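Visitor: Okay, here's what each chain looks like letter by letter:
Number of protein chains: 2
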Amino acid sequence: MRYLIRVSYDGTLFYGFQVQPNLRTVQGELEKAVSYLNRQTPTKIYASGRTDRGVHAMGQMAHFDLSIPIPPEKVQKGLNSNLPEDIYVSSVSLVPDDFHCRYSVHKKTYLYKINMGEYNPMERNYVYQLGKKLNVSSMEDASKVFLGVHDFRSFIDSEEVRENTVREIFDISFQTQGDFLEIRFVGNGFLKYQVRNIVGALILVGLSKKTKEDLEELLARKSRKKALKGAPACGLYLESVDYFDKEKEH
Amino acid sequence: MRYLIRVSYDGTLFYGFQVQPNLRTVQGELEKAVSYLNRQTPTKIYASGRTDRGVHAMGQMAHFDLSIPIPPEKVQKGLNSNLPEDIYVSSVSLVPDDFHCRYSVHKKTYLYKINMGEYNPMERNYVYQLGKKLNVSSMEDASKVFLGVHDFRSFIDSEEVRENTVREIFDISFQTQGDFLEIRFVGNGFLKYQVRNIVGALILVGLSKKTKEDLEELLARKSRKKALKGAPACGLYLESVDYFDKEKEH
Numbered sequence: 000m001r002y003l004i005r006v007s008y009d010g011t012l013f014y015g016f017q018v019q020p021n022l023r024t025v026q027g028e029l030e031k032a033v034s035y036l037n038r039q040t041p042t043k044i045y046a047s048g049r050t051d052r053g054v055h056a057m058g059q060m061a062h063f064d065l066s067i068p069i070p071p072e073k074v075q076k077g078l079n080s081n082l083p084e085d086i087y088v089s090s091v092s093l094v095p096d097d098f099h100c101r102y103s104v105h106k107k108t109y110l111y112k113i114n115m116g117e118y119n120p121m122e123r124n125y126v127y128q129l130g131k132k133l134n135v136s137s138m139e140d141a142s143k144v145f146l147g148v149h150d151f152r153s154f155i156d157s158e159e160v161r162e163n164t165v166r167e168i169f170d171i172s173f174q175t176q177g178d179f180l181e182i183r184f185v186g187n188g189f190l191k192y193q194v195r196n197i198v199g200a201l202i203l204v205g206l207s208k209k210t211k212e213d214l215e216e217l218l219a220r221k222s223r224k225k226a227l228k229g230a231p232a233c234g235l236y237l238e239s240v241d242y243f244d245k246e247k248e249h
Numbered sequence: 000m001r002y003l004i005r006v007s008y009d010g011t012l013f014y015g016f017q018v019q020p021n022l023r024t025v026q027g028e029l030e031k032a033v034s035y036l037n038r039q040t041p042t043k044i045y046a047s048g049r050t051d052r053g054v055h056a057m058g059q060m061a062h063f064d065l066s067i068p069i070p071p072e073k074v075q076k077g078l079n080s081n082l083p084e085d086i087y088v089s090s091v092s093l094v095p096d097d098f099h100c101r102y103s104v105h106k107k108t109y110l111y112k113i114n115m116g117e118y119n120p121m122e123r124n125y126v127y128q129l130g131k132k133l134n135v136s137s138m139e140d141a142s143k144v145f146l147g148v149h150d151f152r153s154f155i156d157s158e159e160v161r162e163n164t165v166r167e168i169f170d171i172s173f174q175t176q177g178d179f180l181e182i183r184f185v186g187n188g189f190l191k192y193q194v195r196n197i198v199g200a201l202i203l204v205g206l207s208k209k210t211k212e213d214l215e216e217l218l219a220r221k222s223r224k225k226a227l228k229g230a231p232a233c234g235l236y237l238e239s240v241d242y243f244d245k246e247k248e249h
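Protein chains in written order, with numbering that gives the first Met the number 0: chain A, 0 to 249; chain B, 0 to 249.
No lab work stands behind these hints, which were simulated from the structure alone. Mixed in with the good hints there might be a few duds.
Said to hold, decoys possible - Listed below are the simulated DSS-like cross-link pairs for lysine-lysine, each with C-alpha atoms no more than 27 angstroms apart in a straight line:
{"#": "1", "chain 1": "A", "residue 1": "Lys132", "chain 2": "B", "residue 2": "Lys76"}
{"#": "2", "chain 1": "A", "residue 1": "Lys76", "chain 2": "B", "residue 2": "Lys112"}
{"#": "3", "chain 1": "A", "residue 1": "Lys132", "chain 2": "A", "residue 2": "Lys106"}
{"#": "4", "chain 1": "A", "residue 1": "Lys112", "chain 2": "B", "residue 2": "Lys112"}
{"#": "5", "chain 1": "A", "residue 1": "Lys132", "chain 2": "B", "residue 2": "Lys73"}
{"#": "6", "chain 1": "A", "residue 1": "Lys76", "chain 2": "B", "residue 2": "Lys73"}
{"#": "7", "chain 1": "A", "residue 1": "Lys76", "chain 2": "B", "residue 2": "Lys132"}
{"#": "8", "chain 1": "B", "residue 1": "Lys73", "chain 2": "A", "residue 2": "Lys131"}
{"#": "9", "chain 1": "B", "residue 1": "Lys76", "chain 2": "A", "residue 2": "Lys112"}
{"#": "10", "chain 1": "B", "residue 1": "Lys76", "chain 2": "A", "residue 2": "Lys208"}
{"#": "11", "chain 1": "A", "residue 1": "Lys73", "chain 2": "B", "residue 2": "Lys131"}
Nothing here was measured: the structure is a model prediction, and the numbers come from that model.
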């Protein structure tokens, strides 16, 4: 029986999502809880993708198989009672055996939160405390550079990446409420550090330190040389993961 | 020179406000920073009152004296650069030598935040994750019991309290946004655990487990016997402290 779960977590106290020996990770905690439920049999989980250290999630998705069938509501209850308080399973459903949490992804939505106003200690791990006013309409205009299919090599991890770095961004939207700014990215998938590096570049536009043309040029360069500083992890949330219509897909 | 500061802090990682030997407290961290600024001379600070372990503040007030005059803007900068990231000084002003942060208080505002909806791991230390729908209008009606001058002995710390337990509550107001409920208390001062115990009682009314009359009776009893369970610290914020008009007062 294959189960699909929706998970929210506070990334602050984790060394990222992916299992690492002797470090507290989201996957590690989830696998402990799932394995316990699965008659104490070590059980792997497969997520839609990793999130980095300090990054949060409202809607991470993961799947796993149980050797004995358990009703989804009981799986949810069982997992939540065995998970630490910074992880929460918000839904559980049964999926076909050939469903894969990573390969069946249709689109992902990431959210980045910025406080342009006074420092708020309560939100220091949940909203980037920029403390500077941004010209949001110039950021909005510059963000159009990233829409569509691009090789995002200039906006990824600084290390050498061998994989295909072409991705499609469907939408980037901005929402302000007072000093609070949210930027939402929807795409078919995102590379490591891609959202944070794009947000870092857009912030420079919002501070009039870079122009839309600078970002265009940087994107076209397809290289991490002269890369701009990324925005910190604490402001980033994996908001949701959408799958292709299961009926049509199978 | 006497300085009045406005301080916000995240109470999660402190053993409350008041200095305690070998424990991390808000007052302890503030006194370290103030003493450093005051030519490394041990300097005491006086706050409007304590907050308990896990309780937050947006607008705690405190005063201290410096032996050498420093412009308020420089005091703010100096303190913030020496304070940990979970404390922030949001304003500094000069006050007369006979101003006292505790004895000159006119009114205090406390805010209590409740999530009636799905568990949110990101807010577990900042909003009480009740996870149950409340009948807010019945809570609003029952809250009227507490308005005005009362002996709040039934709603304080369970230990024996010798001090005067009469206080005046000027206003209790409710604000909902979706599953999110905020209850704001304005009064001339609050006793230890008073707000949390009143919120705990109001929640029972919101769950139809107690009535307005039950709370009336409990208040009249003036005893902690048969006291109701208080709401957890994490939802509570000292929002602001107002002082009597300084001109009129002196």
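Visitor: Of the hints given before, which are not true for this structure?
Guide: 3, 6
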